[in-house]
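*Asks:* Sequence:
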Amino acid sequence: MNRANNSRLMAIASLFILALLSGCNHTEDSDPNIDPVEAQVAQAVKDAQVLGDLRLYATTGRRATLPGISQDDSEHAKTLCGVQYMAGTGDAISTTEQREKRKQLIHFMTSYNQVIFEACKKKL
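Read in order, the letters of the sequence shown are residues -27 to -1, 1 to 97 in mature numbering (1 follows the signal peptide of the UniProt record, and there is no 0).
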């Protein structure tokens, strides 16, 4: 992977994490029926498609997993789409705050991976 792709990946990952950490700010214009995480997923998928980067997110723990992808489909998904690792998803958790942040990231990754995997399969 070249340096430009690494920089672009880090920028996208940072934006995702920043969006997840920003919380659920409610404004008069926001639709209470729309899940904020799903809105973030939709934007992330759109950004990934524009960049042509349909890699799936994997956790960074001792045993990397692809949230939202069944164990049976995991190897096929890795081969078909590729993998990128999401910072902050390791299995070393020492505080309640870290646990909550990881839960939010896993929720995001699950939804994102399901949509991206379907997009990868359609590219065949």
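I should point out that these hints are in silico values taken from the structure, not numbers from a laboratory.
This structure is a prediction, so every number in the text was calculated from the model and none was measured.
We put the beta carbon where it would ideally sit given N, CA and C, even for glycine.
Just so you know, not all the hints are guaranteed correct.
To be verified - Straight-line Cα separation of at most 27 Å, DSS-like style, residue types lysine-lysine; simulated pairs:
| # | residue 1 | residue 2 |
| --- | --- | --- |
| 1 | K76 | K19 |
| 2 | K19 | K95 |
| 3 | K94 | K51 |
| 4 | K74 | K19 |
| 5 | K19 | K94 |
| 6 | K96 | K51 |
| 7 | K96 | K74 |
| 8 | K76 | K96 |
| 9 | K19 | K96 |
| 10 | K51 | K95 |
| 11 | K19 | K51 |
What the hints assert, rightly or not - Label pairs and their computed distance ranges (CB to CB):
| # | residue 1 | residue 2 | range |
| --- | --- | --- | --- |
| 12 | Q87 | G61 | 29 to 35 Å |
| 13 | V56 | P5 | 34 to 40 Å |
| 14 | R35 | K95 | 30 to 36 Å |
| 15 | E48 | P5 | 37 to 43 Å |
| 16 | A15 | Y58 | 18 to 24 Å |
| 17 | D8 | A92 | 17 to 23 Å |
*Asks:* Which of the listed hints are broken here?
*Replies:* 7, 8 and 12
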